[in-house]
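J.: Chains as they are written, first to last, in the working numbering: chain A, 1 to 236; chain B, 1 to 481; chain C, 1 to 348.
Source of the hints: derived by calculation from the structure; they are not laboratory data.
A hint or two may mislead.
[To be verified] Here are the simulated EDC-like pairs of lysine to aspartate or glutamate, each with C-alpha atoms no more than 16 angstroms apart in a straight line:
#, chain 1, residue 1, chain 2, residue 2
1, B, K283, B, D470
2, A, K208, B, D396
3, B, K164, A, D222
4, C, K202, C, E171
5, B, K169, B, E189
6, A, K175, C, E171
7, A, K175, C, E237
8, A, K208, A, E229
9, B, K169, A, D222
10, A, K208, B, D395
11, C, K280, A, E82
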Amino acid sequence: MSDTVALTIDNVQLQGRPGQTILEAADEAGIYIPRLCHLKGLQPFGSCRVCTVLVNGRPQAACTQPISPGMVIESSTEQVREIRKDLIDMLFVEGNHFCMFCERSGNCELQAMAYRFGISAPRYPFLFPSRAVDASHPDIMIDHNRCIRCARCVRASRDLDGKEVFGFVNRGPHKELAVNAAARLVDTTVDVTDQAMNVCPVGALLKKRTAYVVPIGRRKYDHTPIGSEIEGARSQ
Amino acid sequence: MDLALPASTKKIVIDPVTRVEGHGKVTILLDEANQVVQTRLHIVEFRGFERFIQGRPFWEVPVLVQRLCGICPVSHHLAAAKAMDRIVGGEHLTPTASKMRRLMHYGQIFQSHALHFFHLCSPDLLFGFDADVKIRNVIGVAARYPELAVQGVMMRKFGQEIIKATAGKKIHGTGAIPGGVNKNLSIQERDGFLQDLDQMVTWARGAVGIARDYTVSNLQTLAPFGSFESSHMSIVRNDGAMELYDGNLRAIDAVGDKIFDQVPCQEYSDYLAEEVRPWSYMKFPFIRSLGPERGWYRVGPLARINTADFIDTPEAEAARREFMALTGGKPNNLTMAYHWARMIESLHAIEKIRDLLHDHDLQGTDLVVKGERREEGIGIVEAPRGTLIHHYKVDDQDQVVMANLIVSTTHNNEPMNRAVQKVARDYLSGVEITEGLLNRVEVAIRAYDPCLSCATHALGQMPLTVELLDHAGQVLDTKST
Amino acid sequence: MLLTERADRLFAGMTIAGYAIGAAEGILYLRGEYAYLRAFLEDVLTTRYRDHLLGAAILGKTGFDFDIRIQMGAGAYVCGEETALISSCEGLRGDPKTRPPFPAQKGYLGLPTVVNNVETLCCVPKILEEGPATFGGHGSPGSSGTKLLSISGDCSRPGIYEVEFGIPLTEVLTLAGADDAIAVQVGGPSGQLIGPKDYARKICFDDLATGGSIMTFGPGRDVLKTAACFMDFFVDESCGYCTPCRVGNVLLKDRLERIRAGRGEPGDLDYLQRLGTTVKTASRCGLGQTSANPILTSLANFRPRYEEMVKAHQDGFNPSFDVRAAVSEAEGIAGHSSVIYPQPIEER
Numbered sequence: 001m002s003d004t005v006a007l008t009i010d011n012v013q014l015q016g017r018p019g020q021t022i023l024e025a026a027d028e029a030g031i032y033i034p035r036l037c038h039l040k041g042l043q044p045f046g047s048c049r050v051c052t053v054l055v056n057g058r059p060q061a062a063c064t065q066p067i068s069p070g071m072v073i074e075s076s077t078e079q080v081r082e083i084r085k086d087l088i089d090m091l092f093v094e095g096n097h098f099c100m101f102c103e104r105s106g107n108c109e110l111q112a113m114a115y116r117f118g119i120s121a122p123r124y125p126f127l128f129p130s131r132a133v134d135a136s137h138p139d140i141m142i143d144h145n146r147c148i149r150c151a152r153c154v155r156a157s158r159d160l161d162g163k164e165v166f167g168f169v170n171r172g173p174h175k176e177l178a179v180n181a182a183a184r185l186v187d188t189t190v191d192v193t194d195q196a197m198n199v200c201p202v203g204a205l206l207k208k209r210t211a212y213v214v215p216i217g218r219r220k221y222d223h224t225p226i227g228s229e230i231e232g233a234r235s236q
Numbered sequence: 001m002d003l004a005l006p007a008s009t010k011k012i013v014i015d016p017v018t019r020v021e022g023h024g025k026v027t028i029l030l031d032e033a034n035q036v037v038q039t040r041l042h043i044v045e046f047r048g049f050e051r052f053i054q055g056r057p058f059w060e061v062p063v064l065v066q067r068l069c070g071i072c073p074v075s076h077h078l079a080a081a082k083a084m085d086r087i088v089g090g091e092h093l094t095p096t097a098s099k100m101r102r103l104m105h106y107g108q109i110f111q112s113h114a115l116h117f118f119h120l121c122s123p124d125l126l127f128g129f130d131a132d133v134k135i136r137n138v139i140g141v142a143a144r145y146p147e148l149a150v151q152g153v154m155m156r157k158f159g160q161e162i163i164k165a166t167a168g169k170k171i172h173g174t175g176a177i178p179g180g181v182n183k184n185l186s187i188q189e190r191d192g193f194l195q196d197l198d199q200m201v202t203w204a205r206g207a208v209g210i211a212r213d214y215t216v217s218n219l220q221t222l223a224p225f226g227s228f229e230s231s232h233m234s235i236v237r238n239d240g241a242m243e244l245y246d247g248n249l250r251a252i253d254a255v256g257d258k259i260f261d262q263v264p265c266q267e268y269s270d271y272l273a274e275e276v277r278p279w280s281y282m283k284f285p286f287i288r289s290l291g292p293e294r295g296w297y298r299v300g301p302l303a304r305i306n307t308a309d310f311i312d313t314p315e316a317e318a319a320r321r322e323f324m325a326l327t328g329g330k331p332n333n334l335t336m337a338y339h340w341a342r343m344i345e346s347l348h349a350i351e352k353i354r355d356l357l358h359d360h361d362l363q364g365t366d367l368v369v370k371g372e373r374r375e376e377g378i379g380i381v382e383a384p385r386g387t388l389i390h391h392y393k394v395d396d397q398d399q400v401v402m403a404n405l406i407v408s409t410t411h412n413n414e415p416m417n418r419a420v421q422k423v424a425r426d427y428l429s430g431v432e433i434t435e436g437l438l439n440r441v442e443v444a445i446r447a448y449d450p451c452l453s454c455a456t457h458a459l460g461q462m463p464l465t466v467e468l469l470d471h472a473g474q475v476l477d478t479k480s481t
Numbered sequence: 001m002l003l004t005e006r007a008d009r010l011f012a013g014m015t016i017a018g019y020a021i022g023a024a025e026g027i028l029y030l031r032g033e034y035a036y037l038r039a040f041l042e043d044v045l046t047t048r049y050r051d052h053l054l055g056a057a058i059l060g061k062t063g064f065d066f067d068i069r070i071q072m073g074a075g076a077y078v079c080g081e082e083t084a085l086i087s088s089c090e091g092l093r094g095d096p097k098t099r100p101p102f103p104a105q106k107g108y109l110g111l112p113t114v115v116n117n118v119e120t121l122c123c124v125p126k127i128l129e130e131g132p133a134t135f136g137g138h139g140s141p142g143s144s145g146t147k148l149l150s151i152s153g154d155c156s157r158p159g160i161y162e163v164e165f166g167i168p169l170t171e172v173l174t175l176a177g178a179d180d181a182i183a184v185q186v187g188g189p190s191g192q193l194i195g196p197k198d199y200a201r202k203i204c205f206d207d208l209a210t211g212g213s214i215m216t217f218g219p220g221r222d223v224l225k226t227a228a229c230f231m232d233f234f235v236d237e238s239c240g241y242c243t244p245c246r247v248g249n250v251l252l253k254d255r256l257e258r259i260r261a262g263r264g265e266p267g268d269l270d271y272l273q274r275l276g277t278t279v280k281t282a283s284r285c286g287l288g289q290t291s292a293n294p295i296l297t298s299l300a301n302f303r304p305r306y307e308e309m310v311k312a313h314q315d316g317f318n319p320s321f322d323v324r325a326a327v328s329e330a331e332g333i334a335g336h337s338s339v340i341y342p343q344p345i346e347e348r
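Please construct the entire structure, taking both the sequences and the accompanying hints into account.
T.: In structure tokens, the structure reads:
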């Protein structure tokens, strides 16, 4: 078995390693494929579909699709960009994402993704669902209004913290994050030092009383768009 | 925008609801002899902040509620932050936090007063109430008095930059957090402001002169215009000085006798109550000891100049003395004197900004304090247009369970109604709404509050409708600006 | 029908498949709706164990060990998707799994697994008994054998029919007594809604593919309503795992309902086409990849009906917004009616 796999992404030729996903190979090559549910260090999940690429013309999620020799991948073509914009729009309208007062504003990956794609308002109508806030825990809060069902906290709690505090219940549009307790977060074994507390891409799983401590201008995405850290690796 | 529509088009007239902040409707009711018996300023927008904030975590409130307004968001931001200081037991701010917030607040007063005076009101004052609306707007001012227009823009910009340096953004920032602030002022930021400071003081001084000269030289006309005797309320400092950010409540009657004084903000509800009337979404606050009939009062620049014993900055104090001399030291009850009072405050604000910029506490790094957690917090500031009260209750899960906001426009609800009534009585002739009447209703409201007229001059159309009703309630005439 | 009439043949087919791939265990996944069949099927299995057609050393052949158990499901359309079915068998949420690995690489409990439907497995004993030539003698090129069709809807003779692959749809409609059908849904909710101009097409993998479901719609039926019902179904049956299927189907359905309510506008057709294409392209499993079909195929085959509903109004105003409904909640909170919209806006 060869120790490299040759493929092209947007006409850039690159060598990946066997067993890598498209997204991993692209990251190493300094090519940013947008993603929301994926986080390095967690099992690939493939739910947001924002990393959708065309592999030899067929749509695939880059975060779960392993590379194979000769793959021809389209990632930043107009067609793929439009699909991603649709998906980002859907995530916005599905929940209640009020960036203007959300404490994750400026550090939110969903918001940063919208900015990266030049989305100022979604093209789909807001669904304005009625969703709850679970503030029962003294140090942690879940604002279900902003959950994008990415399962990062589910995976981190299960695989990194060994706790399985989070999971999903119900299906379709009613699918929602739930906690491993009769009803409330306070009744679980979650702790504010859990790794699961550091992975939420949006303002859904929050550490209490830490909001707005970082002033505007010093937040994660105030000056460089999301993905710059990966694209920066390429230019070096 | 003009859309070419087919001839068969039926136009659906929608009241100017889109500008929620600026929608007003006035009804004038006549008796059988066609004399004005009643006028009402209906505030028809419904905001719902007090309701939808319930359940939100308390630390979100200062950032959330400032969305009430695009002109004076800092006031809401700070009033809510002060309330939340109480919740986290952090009301004794560090010097850096306290001074950063004050700087933000004075920047806000400065920019808002500049907007109010130069952009929104100066067309009325410079061109006269009856001038053609095509000229009587900010563009007209820019054409005829370009220097003045530039001053207005630059003063507003200076204030906005102060806000940006303290809150992170010019509009709807995040600077104040429960128990403190999230940044200090860098030397670089400070030095940038110091460069423009003298110019700002000069212009602010000049603006006091314009407002004073206008008022004094047109006193015959202005004295009765929409005027009436009233009580006045504001916060003042412990020593009776004018105070805009943090003080105790004082109310005086029309001749200057104190109704209450040095009332701690946390006790406001022992002294003030609110009445609901079915024809307006806006409540009518009143002083409890006087009752709903007589207990109404005015807030804002005029009230603040009237209630304060003195101003603690020299130039503004000199201007205040000149202002009070007009009424022999007694409270000034002229509606149109609001503009003069406003410019005195503007001068005070820039003097305060000057003092603060020279204070090294602004470069401190001790930004946040916390203490014993409370379940209730009240924050009161003097917003550009008057006293602003934010009152919250927070449960043990950190969620807001009750919110009561009394904004300046609400305090001034009855006074604005009175002003409109006075104008209607003085200027209505016959059973027709003339342009002159319509303009004067606008001018009277604008003396108090550009929030009901913010779109007026800028876009050439005021979102105000006046309706004239006969004794049987039949509409005789209706006119929109 | 195969389970009630030919259960024995199914289990024989599974056993042969097990032998072919060297598997030791087979699972029959039975949806919750068919729980009533369970006792009967268990009896059939017991008989087969007794007759040494299951268990260790089947028919005395050393090393040919094969067990079959029945796994009950809770009743979810998505569990017909093979990886969701495996998840459900494993006791997990009935969510589809990430592919690759495919079930034949890593399936049930991480072991290589083949998943086939009942009809396919029932064909196996017949092919072995009668020989592949006989089987191949039925059907059309590329689609050998026969097909069971479950025909329902507006027809005088609904029922289950066995037909040869390659049969034109017109003949199927005649069989079932649905010659006046204005529309036919071929292949269930995820299939296609076609009109009379396509009735000459053939039932086979290369043309009109179907798992067996044919629904006929007679004169007087509204294809928009048909599409809306199927969208309801998909909104309900989506597992909610991926964004396009979870959100996109709701958006599709909402817009279709708006059109049906007479509040559509001409641009809505492009909106549906675009949104449907994204759902089809970006969804994670077969359910989402086909869930937009009710709209996409009805839009392709019955476009005039849509156009009729989204015509531009003569006066240039197409009201897509009900202001009274929008202010009603605020009125409730305020305790009195809106000053600006005290009563409905004048009807046009």
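J.: Run every hint past the structure and note whether it holds.
T.: Hints and how they fare:
no.: 1; hint: B:K283 x B:D470; result: 26 angstroms, violated
no.: 2; hint: A:K208 x B:D396; result: 13 angstroms, holds
no.: 3; hint: B:K164 x A:D222; result: 14 angstroms, holds
no.: 4; hint: C:K202 x C:E171; result: 9 angstroms, holds
no.: 5; hint: B:K169 x B:E189; result: 14 angstroms, holds
no.: 6; hint: A:K175 x C:E171; result: 43 angstroms, violated
no.: 7; hint: A:K175 x C:E237; result: 11 angstroms, holds
no.: 8; hint: A:K208 x A:E229; result: 28 angstroms, violated
no.: 9; hint: B:K169 x A:D222; result: 12 angstroms, holds
no.: 10; hint: A:K208 x B:D395; result: 14 angstroms, holds
no.: 11; hint: C:K280 x A:E82; result: 14 angstroms, holds
Going down the numbered hints, you'll see the structure goes against 1, 6, 8, while the others check out.
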